[in-house]
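Asks: This is what each chain is made of:
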Amino acid sequence: MSDFTPKSVLIVIRSAPYGNQTARETLDIILTAAAFEQPLSLLFCEDGVFQLLPEQQSGLIPAKNLGATLPVLPMYDVDKIYADRSALQQRGLDDTELLLPVSVLSHNEMADLAANHQTILSF
Amino acid sequence: MKLSLLIYGSPTGSQAPHTAYRYAAAALEKGHTIHRVFFYGDAVHTASSLTVTQQDETSIESLWQQLLRKHDIDPVVCIAAAVRRGLLDETEARRHEKSAFNLSSPFTLSGLGQLLEAINHSDRLITFGY
Numbered sequence: 222m223s224d225f226t227p228k229s230v231l232i233v234i235r236s237a238p239y240g241n242q243t244a245r246e247t248l249d250i251i252l253t254a255a256a257f258e259q260p261l262s263l264l265f266c267e268d269g270v271f272q273l274l275p276e277q278q279s280g281l282i283p284a285k286n287l288g289a290t291l292p293v294l295p296m297y298d299v300d301k302i303y304a305d306r307s308a309l310q311q312r313g314l315d316d317t318e319l320l321l322p323v324s325v326l327s328h329n330e331m332a333d334l335a336a337n338h339q340t341i342l343s344f
Numbered sequence: 235m236k237l238s239l240l241i242y243g244s245p246t247g248s249q250a251p252h253t254a255y256r257y258a259a260a261a262l263e264k265g266h267t268i269h270r271v272f273f274y275g276d277a278v279h280t281a282s283s284l285t286v287t288q289q290d291e292t293s294i295e296s297l298w299q300q301l302l303r304k305h306d307i308d309p310v311v312c313i314a315a316a317v318r319r320g321l322l323d324e325t326e327a328r329r330h331e332k333s334a335f336n337l338s339s340p341f342t343l344s345g346l347g348q349l350l351e352a353i354n355h356s357d358r359l360i361t362f363g364y
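Listed in order, the protein sequences are those of chains A and B.
Mind the numbering: the first sequence is residues 222 to 344 in our numbering, read in order.
Mind the numbering: the second sequence is residues 235 to 364 in our numbering, read in order.
FYI, nobody ran anything at the bench for these hints, they're computed from the structure.
Glycine is no exception: its CB is placed at the ideal position from the N, C-alpha and C atoms.
Incorrect hints may appear among the rest.
Unchecked claim - Pairwise CB distance ranges, derived in the manner of DEER restraints:
#1 A/Asp298 to B/Gln289: 52 to 58 Å
#2 B/Thr325 to A/Glu330: 44 to 50 Å
#3 A/Pro295 to B/Gly265: 41 to 47 Å
#4 A/Gln278 to B/Gln289: 44 to 50 Å
#5 B/Arg318 to A/Glu330: 47 to 53 Å
Okay, chain B solo, but in the shape it has when bound (with noise of 0.2 Å):
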């Protein structure tokens, strides 16, 4: 089956992103696709490259990460959650006069119509909030 995935609960203040990575991990394993995986709300800190990790936890960003380049999948952050939360890509920081810009590879910032393209182009789109 060819899924999407929507996270918008935040990666310190719920379990949601997590929750994401194991249930698209297991999916995975399982023989299905991911088309696309969008942030979106307080869930787009999880692709900030400026979240420092203690050596005995794990990072929620690498592990989305590895899987993401593993697998070859679609990781969109929307633009308009990003920025009002301070994630910017190089061109969102150039555009916004920002000094500086955090958004992890291989996340990429884009809007709202994503999301829609992944609702209508996956069998199934799975939601994790709060």
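Isolated chain A, as found in the complex (with noise of 0.2 Å):
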């Protein structure tokens, strides 16, 4: 059992941050999986894009800021992080102004990053 190569992971991640339990849960595998260093790439779209909004006032709700944990990522090797640009657009989200620096894709350019990856879970 232990002699197999990790396989590539995308995470596509597209549930709003607050409203149900799906981000949080969601951001309990991404930093599962970087402990286990499994290869991984996150890609932020629909209302997932609206997790890269800084200045989370989530105790407001109260919920547990997510937006607090995101950041630190890419101290855990987790730094192949992408957003769909029309999703951003949609929504009046400027690439620029996000809590993580993402790489921001065409509908193509994400086919092509869902194809390039073994497994892909989606939230």
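Please assemble the complex out of the two chains, which come individually in their own frames, going by the hints.
Replies: Laid out in structure tokens, this is it:
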């Protein structure tokens, strides 16, 4: 069982940061995968791009602030982070004002990204 | 083909655990093997022994139980997702000083490392979300 090559995993993040547990539980998977040194890429799209907004004041809801955890991901070698350009544009978000450095992708580039990973998880 | 399943849709708020069950039964019927089924998010409620299903409806818990036992599949329920939703086994009930436990057999509580293990050791991981 120990003789294996870890698969490349793309995590597609479609959910807004608050309103249910999905974003938080996706982050748990990301942190576990990072701890296990699984080759990992993240793609923020649909309402998932709202997770990238800086200065989230989730204590008002109240909920745990996910925006406080996302910026540490590059320190865990999770640095292949992508966002859907049109999802950002549709929501009036500027990719230079996010809490993480992301590479913005066209839909064609997103298709290539998906094709270049062995496993895709979507939340 | 060696398959693993990730289910995170709720058994009451979504069709996911039912669809996954039908997929698993069909795949096994076709001669594929299922290495692990990983229950995450609201899908952990599938493994509750306290769910009451009306007589003219099918219990998703018992459907999964039968399939898991018949084919000796490893059914892992994410421990963190489970305990925050009040799904506990005897060990967790004692650890958190709760008065009861409700994890159905043969489901087991374990960590997200089991999901990554399933990804790395299966030909395919199939996700059943909302």
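Asks: Against each hint, give a clear statement of whether it holds in the structure.
Replies: Each hint, compared with the structure:
{"no.": "1", "hint": "A/Asp298 to B/Gln289: 52 to 58 Å", "in the structure": "holds (54 Å)"}
{"no.": "2", "hint": "B/Thr325 to A/Glu330: 44 to 50 Å", "in the structure": "holds (47 Å)"}
{"no.": "3", "hint": "A/Pro295 to B/Gly265: 41 to 47 Å", "in the structure": "holds (44 Å)"}
{"no.": "4", "hint": "A/Gln278 to B/Gln289: 44 to 50 Å", "in the structure": "holds (49 Å)"}
{"no.": "5", "hint": "B/Arg318 to A/Glu330: 47 to 53 Å", "in the structure": "violated (36 Å)"}
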